[in-house]
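> The residues making up each chain are set out below.
Number of protein chains: 2
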Amino acid sequence: MAYRDLSERELRKRLEYLREQYEEICAEEVSLDMSRGKPGTDQLDISMGMFDVFHSSYDFKDESGFDVRNYGVMDGISEAKRLMAEIMDVSPKNVIVYGNSSLNIMYDTVARSYAEGVMGSTPWCQLEKVKWLCPVPGYDRHFAVTEHFGIEMITVPLLEDGPDMDIVEKLVSEDDAIKGIWCVPKYSNPTGICYSDEVVKRMAALKPAAEDFRIYWDNAYAVHHLYEEEQVKILDILEECRKAGNPDMVFEFASTSKVTFPGSGIAALAASKENLKPIKKQMSVQTIGHDKINQLRHVRYFKDFDGIKAHMMKHAKLMRPKFQAVLNEFDAELKDADIAKWTNPLGGYFISLDVMDGCAKKIVQMCKNAGMVLTGAGATYPYGNDPTDSNIRIAPSYATPEELLMASRILVICVKIVTIEKMLNE
Amino acid sequence: MAYRDLSERELRKRLEYLREQYEEICAEEVSLDMSRGKPGTDQLDISMGMFDVFHSSYDFKDESGFDVRNYGVMDGISEAKRLMAEIMDVSPKNVIVYGNSSLNIMYDTVARSYAEGVMGSTPWCQLEKVKWLCPVPGYDRHFAVTEHFGIEMITVPLLEDGPDMDIVEKLVSEDDAIKGIWCVPKYSNPTGICYSDEVVKRMAALKPAAEDFRIYWDNAYAVHHLYEEEQVKILDILEECRKAGNPDMVFEFASTSKVTFPGSGIAALAASKENLKPIKKQMSVQTIGHDKINQLRHVRYFKDFDGIKAHMMKHAKLMRPKFQAVLNEFDAELKDADIAKWTNPLGGYFISLDVMDGCAKKIVQMCKNAGMVLTGAGATYPYGNDPTDSNIRIAPSYATPEELLMASRILVICVKIVTIEKMLNE
Chain A
-13 MAYRDLSERE
-3 LRKRLEYLRE
7 QYEEICAEEV
17 SLDMSRGKPG
27 TDQLDISMGM
37 FDVFHSSYDF
47 KDESGFDVRN
57 YGVMDGISEA
67 KRLMAEIMDV
77 SPKNVIVYGN
87 SSLNIMYDTV
97 ARSYAEGVMG
107 STPWCQLEKV
117 KWLCPVPGYD
127 RHFAVTEHFG
137 IEMITVPLLE
147 DGPDMDIVEK
157 LVSEDDAIKG
167 IWCVPKYSNP
177 TGICYSDEVV
187 KRMAALKPAA
197 EDFRIYWDNA
207 YAVHHLYEEE
217 QVKILDILEE
227 CRKAGNPDMV
237 FEFASTSKVT
247 FPGSGIAALA
257 ASKENLKPIK
267 KQMSVQTIGH
277 DKINQLRHVR
287 YFKDFDGIKA
297 HMMKHAKLMR
307 PKFQAVLNEF
317 DAELKDADIA
327 KWTNPLGGYF
337 ISLDVMDGCA
347 KKIVQMCKNA
357 GMVLTGAGAT
367 YPYGNDPTDS
377 NIRIAPSYAT
387 PEELLMASRI
397 LVICVKIVTI
407 EKMLNE
Chain B
-13 MAYRDLSERE
-3 LRKRLEYLRE
7 QYEEICAEEV
17 SLDMSRGKPG
27 TDQLDISMGM
37 FDVFHSSYDF
47 KDESGFDVRN
57 YGVMDGISEA
67 KRLMAEIMDV
77 SPKNVIVYGN
87 SSLNIMYDTV
97 ARSYAEGVMG
107 STPWCQLEKV
117 KWLCPVPGYD
127 RHFAVTEHFG
137 IEMITVPLLE
147 DGPDMDIVEK
157 LVSEDDAIKG
167 IWCVPKYSNP
177 TGICYSDEVV
187 KRMAALKPAA
197 EDFRIYWDNA
207 YAVHHLYEEE
217 QVKILDILEE
227 CRKAGNPDMV
237 FEFASTSKVT
247 FPGSGIAALA
257 ASKENLKPIK
267 KQMSVQTIGH
277 DKINQLRHVR
287 YFKDFDGIKA
297 HMMKHAKLMR
307 PKFQAVLNEF
317 DAELKDADIA
327 KWTNPLGGYF
337 ISLDVMDGCA
347 KKIVQMCKNA
357 GMVLTGAGAT
367 YPYGNDPTDS
377 NIRIAPSYAT
387 PEELLMASRI
397 LVICVKIVTI
407 EKMLNE
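In the order they appear, the protein sequences are chains A and B.
Residue 57 in the numbering used here is what sits at position 71 of the first sequence, and the numbering runs on without skipping anything.
Residue 30 in the numbering used here is what sits at position 44 of the second sequence, and the numbering runs on without skipping anything.
If we strip away everything but chain A, and leave its shape as in the complex, we get (with noise of 0.2 Å):
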């Protein structure tokens, strides 16, 4: 039964016995963590061939017969270049394979257009203002990084199929100091929607009023599909943004972070050749060349994008289990109360939950109380703030099913408490 159809005394009646299960649970001094994006151990145990990949008398030439113990080769080897296109969809004509870490790329792709601009255009750091569209909620990691450089950001609603690109063209048209847009395309951190073609489509042919204005399209999930059978294709952004004129109006990250080793995979930025000149040549000044070893370790490893299909089959083999043991506590013990939203999303490492208005970050704050340490309220939003404080993040990749059971009951009592206590005070 919905709890807004119930009495005051049957609300009450609840709540004593909540609070009674929560001073149980509390007793019990859990430890869990739902955090983080982090994948669980039996997810890296996947990867441990890996380290048998190579041993002392391996021949360490790439396919150009570079050795790729030594220095060179700057922009990454070229089957590298194939391995990361294939995963992002774009041709490795378009690709420079880094060292370990994407969020690093999209960092450094700020870092350089404050210092010294986009393809020629005023610096950042010399205009009085720099503004950027971030459609919420979204990735916390992505606004730390616009936040740092100072830059102003705007909320855009993220919808079912993307971000409501009625308000997206209209700023990016009218507002020359709109420099950028965080994207995850596909099962989007942390709602797990995916842009519809349609979306794409628009995205590619917005009609900025700055020259410098890019797309930073991180395809964080690329390959990270639950279901063998339901598995999410989008455009190729690329492609779009030349169909529609645009051919320098994006820049696509993605890495192997949670396909292999997270910190020890490998790392791709997609741009136009346009852009990838800039790049390349602040690179040069930057850094000698990354870790080509590792970039063949990925490659002769997976051999082929099949390789890296048929490995993300078994992650999504262990996480089907993790999404469902929340999903299913979800379902039995908050649909009926029809006291909280959430989605079920076919891919990526969240579970996002839409409490009632003014209680995420109670419900968070008595989750840490009892144990168990979940995504800060807010941090969905650019500076860790949501309007509504109505949005948790749920990463249910770290933990055990068995854990995430009882992570699960743990946080469906705290949002029944609080959203009690709310119904109550009003």
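Because the hints were derived from the structure by calculation, they are not lab data.
Do not take every clue at face value.
Note: identical chains are not told apart, hence a pair may lie in one copy or across any two.
[Said to hold, decoys possible] In silico DSBU-like cross-links for lysine-lysine, where the CA-CA straight-line distance does not exceed 35 Å:
| # | residue 1 | residue 2 |
| --- | --- | --- |
| 1 | Lys47 | Lys295 |
| 2 | Lys156 | Lys300 |
| 3 | Lys47 | Lys259 |
| 4 | Lys263 | Lys348 |
| 5 | Lys408 | Lys259 |
| 6 | Lys321 | Lys(-1) |
| 7 | Lys267 | Lys117 |
| 8 | Lys47 | Lys187 |
| 9 | Lys79 | Lys354 |
| 10 | Lys263 | Lys115 |
| 11 | Lys219 | Lys354 |
| 12 | Lys263 | Lys347 |
| 13 | Lys354 | Lys259 |
| 14 | Lys348 | Lys267 |
| 15 | Lys327 | Lys303 |
| 16 | Lys115 | Lys259 |
| 17 | Lys347 | Lys408 |
| 18 | Lys347 | Lys267 |
| 19 | Lys303 | Lys259 |
| 20 | Lys117 | Lys229 |
| 21 | Lys348 | Lys266 |
We have chain A already, so just place chain B on it with the hints.
Okay, now just chain B, sitting in the frame of chain A:
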């Protein structure tokens, strides 16, 4: 007999003979590269055991019990900090371990100062003018970083025991636009000189006009001795700065690029606690962490600093005949002629050759025409501008001793030809 004591007739006779020799060499179609400080394949082979350190059934916990395969531990695992601290001869608490490139750390350090300042000072991008001291001859990639950020570079002579400190002290104390100095304190690139204790102490005791002045102490060749018995030890600059009341005045850099694999080593920064605070804050925006598996691989392979020292003696054994091949040829062919000076370093990667003023560019070009690539003349000076056009950097590591013998012969012939031409035209 010294060339200056030869008659014009004798010089012309030699020139004719040398030109014949040069033509013969050109006909041989050699292909040699002494341009970059790139380890030879034989040196890379020394570290092949690194690929047998890990295998699929290995336990990937660091000494604190953290699984290095996953996200976390932004500033490096403890045992890697300790190893890098020993290489730099500093305390592990002053160390951050990064990814594969100390050049990248130096770039980031300048970039951070440019965008956000140094420990709260005005960001350099907001200043009219930023200047930098560059001891010359020096490392071209250092100069490229400061040039990239539009920093005005001022040359300071590099003497036998370090930069000319009278000049450094004067400039730094008088001009608050001077924000840094590039230093390679041990087995300097390219001359191979080492900073004396007096120079280190004077450097640490500088009284800069700018509060955000920093010494960029690139300890690139800290453990890169050529001889077992003659190993230079320099003072710990962090400690000397503390003693002199300037605890925050230095950033020190090092890497294992020329210990294990260039591009696949680990790199580190050492600085005071106060300097590390804003760096770690920025780093937490820039990345989730560097490749900890590779950090652990290095520690497990070397075990401790003694392991590093023993390993470096294997490098030395391979490097000595390479240096000797060049030096023997110079001694035999250039000493009596007295037309050049060169260094005979105890470590590092380079021999620095000073030829007659106005001859370096021509010599390097002649060598190139004969199939032998040297570092571009002028590269050891800011903006590629060697005012006397006399310094040539020789990197003997990549070629074999046999190739180096051939290369040195070509170089010597070109030095003689260009020098005589210069003498005859004067």
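> May I ask which of the numbered hints given earlier this structure violates, with the numbers listed in increasing order?
Of the numbered hints given earlier, those the structure breaks are 2, 5, 8, 11, 19, listed in rising order.
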